[in-house]
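J.: The lines below spell out each chain.
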Amino acid sequence: MSGVRVKLPAHLRKLARVDGEVRLDVPAPVTQRSLLDALEACHPVLRGTIRDHGTQRRRAYVRFFACEQDLSHEEPDAPLPDEVAAGTEPFLVVGAMAGG
Amino acid sequence: MTGVRVLVGTRKGAFVLTADGTRERWAVSGPHFAGWEIYHVTGSPADPDRLYASQSSGWFGQIVQRSDDGGATWEPVGNEFAYAGVPGTHQWYDGTPHPWEFARVWHLEPSATDPDTVLAGVEDAALFRSTDGGAGWQELPGLREHGTGSSWQPGAGGMCLHTIVVDPRDPARMHVAISAAGVFRTEDGGGTWEAVNRGLRSEGIPDADAEVGHCVHHLAMHPDRPDTLYMQKHWDVMRSDDGGGLWYDIGEGLPSDFGFPIEVHAHEPDTVYVVPITSDSLHYPPEGRLRVFRSRTGGNEWEPLAKGLPQEHCYVNVLRDAMAVDSLDTCGVYFGTTGGQVYASRDAGDTWAPIVQNLPPVLSVQVQTLS
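If you're matching them up, the sequences are chains L and S in order. Note that our numbering numbers the first sequence so that position 34 is 34, with each residue one more than the last. Adding 100 to a residue's 1-based position in the second sequence gives its number in our numbering.
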């Protein structure tokens with residue numbers, strides 16, 4: 001188990017009623033899927049907001065970054081960087097920039 | 101003591117406006133769900149403290165929120181809207197097939213008798229029902245499986261089911277309206293549906309009198325006369341006296357028969373309100389004068405209602421779900437604009453005043469009359 005850090009965009013923090021980063025215990029190997037599964041288990045209101053309910057695919061205007069890398073297009077079961085798994089770097093859920 | 105609660109959905113949050121029965125002073129709470137588009141907020145007739153809100157975002161999708169204390173506090177409930185079976189395709193703007201994809205909830209219609217039962221009209225067009233207060237949603241697939249579904253095509257705002265009219269005599273009898281497919285009627289609670297668009301004409305589609313393909317903007321019904329329906333269409337204001345079996349034009353006398361909302365007076369089934377705008381490309385009032393038009397004869401004779409409304413340099417629009425009436429005596433009429441004003445009339449439309457200004461663009465207005 002590890003203390004994975006997740007940074008959510010402001011709208012999702014408010015929806016999940018959390019301040020600052022979310023800390024999660026995620027069983028190894030830490031992947032996008034296991035991290036998001038753990039996030040949704042802790043905060044069920046986030047189901048469907050980051051991944052589509054049915055397909056479990058990342059929503060079109062949501063991106064994933066960590067360790068100054070764009071992980072948005074990584075396979076869901078690919079291991080995330082060690083720093084994310086160790087909790088030294090956060091996993092960033094980011095709403096794509098757009099007006100409005 | 102009676103009171104009024106006006107529920108306002110906007111482009112960036114929801115607002116709850118409350119007043120006592122005099123409707124003179126208004127308290128404003130909000131924004132609730134700040135920053136999110138609130139397509140619709142409405143209350144249960146069976147339990148006025150039970151409210152439902154449709155909250156959505158292009159980034160993070162759909163959330164349905166529920167309040168059990170009249171809007172003071174809210175809790176997110178179920179947001180999974182899965183089409184039944186293999187959804188298939190409808191037409192895209194360019195006429196090519198496009199898979200049915202859920203985008204958002206446009207309209208929530210709570211049951212008249214059960215606070216836990218609520219219908220949702222969604223984009224891409226379909227009808228869903230929850231019987232557990234919004235926690236779970238099941239499609240009523242008979243509508244989408246109507247034989248014409250593959251030919252439905254979106255209007256400019258998307259292919260949305262935006263209006264649900266339930267017959268007060270029999271909740272199994274409903275009309276829904278879809279842009280840009282038309283009106284559909286069920287007699288069996290949503291199991292089977294028929295298109296009821298005879299009499300509608302729409303230039304710009306291959307067959308102007310087609311069974312489906314008409315861009316209906318809104319429907320209204322008076323509970324005392326459920327077989328009479330009023331329609332604001334993408335051009336034309338229409339009426340049916342046989343539950344949609346045949347529609348006829350009642351727009352004569354209006355400066356423009358283009359618009360979005362249409363509502364009926366709470367106590368007078370022949371008194372109807374519309375807000376004409378110039379055209380489909382000029383979504384603002386004719387001559388920059390914001391006027392509600394009222395017919396007291398069920399159509400064709402219309403009087404402008406302008407007292408208290410801006411009569412120069414006004415270029416706002418009033419969207420389809422952004423007008424409502426209360427059931428006090430005298431009937432109150434309310435509407436919200438894309439300029440962020442909510443106007444109210446305490447005298448059935450004779451005079452108007454803003455009850456809140458400078459909100460984000462208003463998407464919906466609903467009114468609860470509280471006792």
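Incorrect hints may have been included.
[To be verified] The following residues of chain S were derived to be distant from chain L, with all beta-carbon distances above 12 Å:
#, residue
1, 134
2, 175
3, 178
4, 179
5, 253
6, 309
7, 323
8, 326
9, 341
[Stated by the list, open to error] A few chain S residues that face chain L, going by a derived Cβ cut-off under 10 Å, partial list only:
#, residue
10, 126
11, 135
12, 136
13, 176
14, 180
15, 182
16, 415
[As the list claims (entries may be wrong)] Listed next, with one range per pair, are the computed distances between beta-carbon atoms:
#, chain 1, residue 1, chain 2, residue 2, range
17, L, 81, S, 172, 41 to 49 Å
18, L, 75, S, 232, 35 to 43 Å
19, L, 25, S, 212, 45 to 53 Å
What the hints contain is simulated information worked out from the structure, not anything from laboratory work. Glycine residues also receive a C-beta, built at the ideal position from the N, C-alpha and C atoms.
J.: Hints broken by the structure, by number, lowest first?
T.: 1, 2, 3, 4, 10 and 16
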